[in-house]
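Peer 1: Line order of the protein sequences matches chains L and V. For the first sequence, the working numbering begins at 1 and goes up steadily by one. For the second sequence, the working numbering begins at 1 and goes up steadily by one.
Read the hints as simulated data drawn from the structure, not as lab findings. Bear in mind the structure is a predicted one, so any value in this text is a computation, not a measurement. In this text, a Cβ means the ideal position worked out from N, Cα and C, and glycines have one as well. Take these hints with a grain of salt, some might be off.
Claimed, not checked - Between beta-carbon pairs, the in silico distance windows are:
(1) V:P111 x L:S27: 34 to 42 Å
(2) V:Q108 x L:S81: 32 to 40 Å
(3) V:T77 x L:C13: 37 to 45 Å
(4) L:Q14 x V:D17: 41 to 49 Å
(5) L:I12 x V:T81: 15 to 23 Å
(6) L:E58 x V:V5: 13 to 21 Å
(7) L:T116 x V:T106: 36 to 44 Å
(8) V:T77 x L:S59: 22 to 30 Å
(9) V:S51 x L:K65: 24 to 32 Å
(10) L:P39 x V:V13: 21 to 29 Å
(11) V:G53 x L:K65: 27 to 35 Å
Claimed, not checked - List of simulated lysine-lysine pairs, DSSO-like, C-alpha gap at most 30 Å:
(12) V:K3 x L:K65
(13) V:K57 x L:K7
(14) V:K40 x L:K65
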Amino acid sequence: SAVISQKPSRDICQRGTSLTIQCQVDSQVTMMFWYRQQPGQSLTLIATANQGSEATYESGFVIDKFPISRPNLTFSTLTVSNMSPEDSSIYLCSVARGTGASYEQYFGPGTRLTVT
Amino acid sequence: EDKVVQSPLSLVVHEGDTVTLNCSYEVTNFRSLLWYKQEKKAPTFLFMLTSSGIEKKSGRLSSILDKKELSSILNITATQTGDSAIYLCAVEASNTGKLIFGQGTTLQVKP
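Produce the entire structure from the sequences given, and follow the hints as far as they go.
Peer 2: In structure tokens, the structure reads:
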């Protein structure tokens, strides 16, 4: 498995501000991802965090709103920019471990964001 | 469009009952199917299935994949109140590690 930590664990922010969430893994991983889980919903992939290059965003998510950094193979950050109440969600980072055939994916503890 | 559907969406049982949760998928380039348990924030990994017909077991939980039917089931025997959670099914649809999640099944186990 993997030991993943996220900071902060929760925050309450005012609209129009930005929050940066950090994700730290206990060992090097090739694949890191950021997911969002809105209230009462399932998880939706925001982007793949690529080490040394720009993140790959899923449809509906853009870099200006969710800039991502991945300076090395154990650390990534997600920023939620210019927040609105609709951004209130749990944000989760995940890492994939495995062979080229299949990957087991593990999640961090999550960051619960409330925007007022 | 790739899709993962779980049923039922919610379920209430009593301790000791056996439950079966269902997951069906329509994806291109299926790689694997994963089951997670979510109690508070973070989904906890349960199983990863890649081959049809091979059951994976962990204690009272077991799961099997049917690639012909494009589905999987998660069984929980002798349920306990601690099994109360949301159970999520996800599919990796290509060799990218990206997961597509179902809506989840909310299981409540009453004493």
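Peer 1: Mind listing which of the numbered hints don't hold for this structure, in increasing order?
Peer 2: 5, 7, 8, 9, 11, 13
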